[in-house]
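Position chain B with the ligands relative to chain A; hints supplied.
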Amino acid sequence: MLQLKKATKVFNRDSVNEKRALHQLDLQLAAGDFVTIIGSKGAGKSTLLNAIAGLWFLDEGKIYLDGTDITNMPDYKRAGLIGRVFQDPMVGTAASMTIEENLALAAKRGHSRGLKKGINKSLRSRIKEELSRLGLGLEDRLSTPVGLLSGGQRQALTLLMATFQQPRLLLLDEHTAALDPKTGEKVLSLTEELVAESGLTTLMVTHNIVDSLKVGNRTIMMHEGQIVLDIKGKEREEMTPQDVLRLFERNSGKQLANDRMLLVKNRKSNGA
Amino acid sequence: MKSLNLKILLGAVELGLIFGVMALGVYLTFRILDFPDLTVDGSLTIGAATAAVLIIQGYSPWLGLALAFLAGGVAGMITGVLHTHFRIIPILAGILTMTGLYSVNLRIMGRANLPLLGTDTVVDSLRSLGIPAQYGWVVFGLLLAGAVIIFLYWLFQTELGLALRATGDNEVMIKSLGVNVNGMKILGLSLGNALVALAGGAVAQLQGFADISMGIGMIIAGLAAVIIGEMLIGTRTLLRALIAVLCGSLVYRIIIAVVLRLGLQTTDLKLVTAVLVVLALTLPRFGFKKQLLALGGWSRASVEKGN
Ligand SMILES: Nc1ncnc2c1ncn2[C@@H]1O[C@H](COP(=O)(O)OP(=O)(O)OP(=O)(O)O)[C@@H](O)[C@H]1O
Ligand SMILES: [Mg+2]
Chain A
1 MLQLKKATKV FNRDSVNEKR ALHQLDLQLA AGDFVTIIGS KGAGKSTLLN
51 AIAGLWFLDE GKIYLDGTDI TNMPDYKRAG LIGRVFQDPM VGTAASMTIE
101 ENLALAAKRG HSRGLKKGIN KSLRSRIKEE LSRLGLGLED RLSTPVGLLS
151 GGQRQALTLL MATFQQPRLL LLDEHTAALD PKTGEKVLSL TEELVAESGL
201 TTLMVTHNIV DSLKVGNRTI MMHEGQIVLD IKGKEREEMT PQDVLRLFER
251 NSGKQLANDR MLLVKNRKSN GA
Chain B
1 MKSLNLKILL GAVELGLIFG VMALGVYLTF RILDFPDLTV DGSLTIGAAT
51 AAVLIIQGYS PWLGLALAFL AGGVAGMITG VLHTHFRIIP ILAGILTMTG
101 LYSVNLRIMG RANLPLLGTD TVVDSLRSLG IPAQYGWVVF GLLLAGAVII
151 FLYWLFQTEL GLALRATGDN EVMIKSLGVN VNGMKILGLS LGNALVALAG
201 GAVAQLQGFA DISMGIGMII AGLAAVIIGE MLIGTRTLLR ALIAVLCGSL
251 VYRIIIAVVL RLGLQTTDLK LVTAVLVVLA LTLPRFGFKK QLLALGGWSR
301 ASVEKGN
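As they're listed, the protein sequences go chains A and B.
Everything in the first sequence is counted per our numbering, starting at 1 for the first residue and increasing by one.
Everything in the second sequence is counted per our numbering, starting at 1 for the first residue and increasing by one.
With the rest of the complex left out, here is chain A (with noise of 0.2 Å):
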């Protein structure tokens, strides 16, 4: 599905900031894998997203997306296949232009922008149907500008702009941090619940230790540009928060004292 091989990015090069920030990183997806990412500040978490999406290319190294060599392939190219939300609820959305006119943007992801009328019928219902999905009434306010939602309303909203047109893979990078603890958390299982519907493999970046066990079907944890711990199945059930801190130190010769990464009580026991 997705696969990646030695990849290597390092930015300013031959400078004083010299960054390795992806070391000959190898990755291999499944179709349907729901990928958590953790890690610790300048990991290279984002970086391995944005080498995906082809924000830049690899330095060294190769990307393969269903078998199709796209380490050359534009980022605006690459988008047709790859749907992503942004850490800042303010980068996944058009604020000037309205709810409904930004859902119309992405109902065109990959597909060629010609002079048809934007917005028809038949889209027009979808785009109520699936904004009442999310319960929060956006549905009855198509033609507000985006720019007047809230955070979390703006982020809710990306995520849906990100599946709306089935994408090959959904990229996440921190999509509920910039959020309040429970927003955060709408959020999160609003990404479930997409996810599972349409079964997408997804790559999910976030610094809630809990979350990214409990979320998806697979965990991965990045060091220094390469990735140190890789868990699935039976061993990442039994696998608890604690674990993952103590095999992060052995495998990283390092503290992972970071106060982005939250231990946080699984909610559920914890509202109870």
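Read the hints as simulated data drawn from the structure, not as lab findings.
For each residue, glycine too, the CB sits at the ideal point set by N, CA and C.
Careful, some of the hints might be misleading.
Said to hold, decoys possible - Far from chain B by the CB rule (all over 10 Å, computed), these chain A residues:
| id | residue |
| --- | --- |
| 1 | Ser15 |
| 2 | Gln28 |
| 3 | Leu29 |
| 4 | Gly32 |
| 5 | Gly42 |
| 6 | Gly61 |
| 7 | Ser96 |
| 8 | Glu101 |
| 9 | Gly110 |
| 10 | Glu130 |
| 11 | Leu136 |
| 12 | Thr183 |
| 13 | Arg218 |
To be verified - What follows is a list of derived Cβ distance ranges for each label pair:
| id | chain 1 | residue 1 | chain 2 | residue 2 | range |
| --- | --- | --- | --- | --- | --- |
| 14 | A | Asn72 | B | Ile131 | 31 to 41 Å |
| 15 | B | Pro284 | A | Ala31 | 30 to 40 Å |
| 16 | A | Phe11 | B | Gln265 | 54 to 64 Å |
| 17 | A | Ser150 | B | Tyr153 | 29 to 39 Å |
| 18 | A | Thr8 | B | Val278 | 46 to 56 Å |
| 19 | B | Gly146 | A | Asn72 | 39 to 49 Å |
| 20 | B | Ile255 | A | Lys117 | 54 to 64 Å |
| 21 | A | Gly151 | B | Leu9 | 18 to 28 Å |
| 22 | B | Pro132 | A | Gly151 | 55 to 65 Å |
| 23 | A | Met1 | B | Arg87 | 29 to 39 Å |
| 24 | B | Tyr153 | A | Gly42 | 40 to 50 Å |
To be verified - Facing chain B, according to a computed beta carbon distance under 7 Å, are these residues of chain A, among others:
| id | residue |
| --- | --- |
| 25 | Ala30 |
| 26 | Ala31 |
| 27 | Lys41 |
| 28 | Lys62 |
| 29 | Met73 |
| 30 | Tyr76 |
| 31 | Ala79 |
| 32 | Gly80 |
| 33 | Arg84 |
| 34 | Asp88 |
| 35 | Gly92 |
| 36 | Ala94 |
| 37 | Ala104 |
| 38 | Leu105 |
| 39 | Leu115 |
For chain B with the ligands alone, coordinates are given in the frame of chain A:
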């Protein structure tokens, strides 16, 4: 104070409508595409030069307009390519094209000023439809500006138009949705400058000449129209925003006519325009409605004194 007579008002409306087309082009690049494009000064002139030369050589004034439109489109495309492919910042890309166009325009015209004496204009063909000569340019201006507004309104709602608007709003987002933003920028700049040059082609016919320096300061005049319109009418819907630009252009030309009437020279107009833009940009920040009322009271008082 001498009052504004009908003829002067009509002249201001004619200019307001024709330059309104230019302002719509500026609106497209500055507002929709969020690209501060300074090509305008050159593309207005290339439109005027192209139309004037063709008309002098005996071609139809309509063909003059059409080729003016195309010439402006090419000018915008060059700015677009300079920015997207050669990675030159927007302001500089526009200035480079504008500077180059000065020589190109002189080449097209052969000299600095081309009078159109006794040649046909697009308005002459309207006259055969029974429109009185006095109102010919007003009718033509209304038709042209109306057609451009309808065209842009339609375009902005097509798949392509939505992508164009999103490019100006949020580049990262629209890229992630598979749009080639470089292509969109080139398209937008091309269309914007094509509209500016179309206005230039009409202005040459209206004024009866093309001049190498007629484009100087036009970018600020266009911006003045956009900003005045936004301030007075607002941008709540797309159609409203487009109509606002045209109204802004009309108001701007009427203000210019008034200050000329008050005794300022045409050479003072650039300063007046600059001051207008500064006012229009800053007034809203200080509670615009109140300020406008105060200004209205002030100008009414001065008019009464004049009487
Ligand atoms: N465009 C860039 N130019 C220069 N350096 C970069 C760039 N993008 C990332 N880096 C550097 O590469 C390293 C990896 O960054 P990356 O954003 O992938 O980390 P991350 O794992 O996502 O961290 P975080 O948890 O803070 O989001 C960092 O040292 C970062 O400063
Ligand atoms: Mg990151």
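Outcome of the hint check:
1. Ser15: holds, 20 Å
2. Gln28: Nearest chain B Cβ is 24 Å from glutamine 28 of chain A, so the label holds.
3. Leu29: holds, 20 Å
4. Gly32: At roughly 22 Å from the nearest Cβ of chain B, glycine 32 of chain A sits farther out than 10 Å, so the non-interface label holds.
5. Gly42: The assertion about glycine 42 of chain A holds, with a minimum of 21 Å to chain B.
6. Gly61: Fine: 22 Å to the nearest Cβ keeps glycine 61 of chain A off the interface.
7. Ser96: Violated: least Cβ distance 5 Å, not greater than 10 Å.
8. Glu101: violated, 6 Å
9. Gly110: Violated, because the least Cβ-Cβ distance between glycine 110 of chain A and chain B comes to about 5 Å, which does not exceed 10 Å.
10. Glu130: holds, 16 Å
11. Leu136: holds, 20 Å
12. Thr183: Nearest chain B Cβ is 20 Å from threonine 183 of chain A, so the label holds.
13. Arg218: Holds, because the least Cβ-Cβ distance between arginine 218 of chain A and chain B comes to about 24 Å, which exceeds 10 Å.
14. A:Asn72 to B:Ile131: 31 to 41 Å: Violated - the Cβ-Cβ distance for asparagine 72 of chain A and isoleucine 131 of chain B, about 60 Å, lies outside 31 to 41 Å.
15. B:Pro284 to A:Ala31: 30 to 40 Å: At roughly 54 Å between Cβ atoms, alanine 31 of chain A and proline 284 of chain B fall outside 30 to 40 Å, so the hint is violated.
16. A:Phe11 to B:Gln265: 54 to 64 Å: holds, 58 Å
17. A:Ser150 to B:Tyr153: 29 to 39 Å: Holds, since serine 150 of chain A and tyrosine 153 of chain B (Cβ atoms, about 30 Å apart) stay within the stated range.
18. A:Thr8 to B:Val278: 46 to 56 Å: Holds, since threonine 8 of chain A and valine 278 of chain B (Cβ atoms, about 52 Å apart) stay within the stated range.
19. B:Gly146 to A:Asn72: 39 to 49 Å: holds, 48 Å
20. B:Ile255 to A:Lys117: 54 to 64 Å: Hint violated: Cβ distance 39 Å, outside 54 to 64 Å.
21. A:Gly151 to B:Leu9: 18 to 28 Å: This hint is violated: roughly 51 Å between Cβ atoms.
22. B:Pro132 to A:Gly151: 55 to 65 Å: Taking Cβ atoms as reference, proline 132 of chain B and glycine 151 of chain A lie about 59 Å apart, which means the hint holds.
23. A:Met1 to B:Arg87: 29 to 39 Å: holds, 35 Å
24. B:Tyr153 to A:Gly42: 40 to 50 Å: About 48 Å separates the Cβ atoms of tyrosine 153 of chain B and glycine 42 of chain A, which means 40 to 50 Å holds.
25. Ala30: violated, 24 Å
26. Ala31: violated, 21 Å
27. Lys41: Since chain B brings no Cβ nearer than about 22 Å to lysine 41 of chain A, farther than 7 Å, the hint is violated.
28. Lys62: Hint violated; lysine 62 of chain A Cβ to chain B Cβ min 22 Å, cut 7 Å.
29. Met73: violated, 12 Å
30. Tyr76: At about 5 Å, which falls below the 7 Å cut-off, the nearest Cβ of chain B leaves the hint on tyrosine 76 of chain A intact, so it holds.
31. Ala79: holds, 4 Å
32. Gly80: holds, 5 Å
33. Arg84: This interface hint holds because 5 Å falls under the 7 Å limit.
34. Asp88: violated, 9 Å
35. Gly92: holds, 6 Å
36. Ala94: Constraint on alanine 94 of chain A satisfied, holds at 4 Å.
37. Ala104: Hint on alanine 104 of chain A: holds, closest Cβ of chain B at ~6 Å, below 7 Å.
38. Leu105: holds, 5 Å
39. Leu115: holds, 5 Å
Hints 7, 8, 9, 14, 15, 20, 21, 25, 26, 27, 28, 29 and 34 from the earlier list are contradicted by this structure; the remaining hints agree with it.
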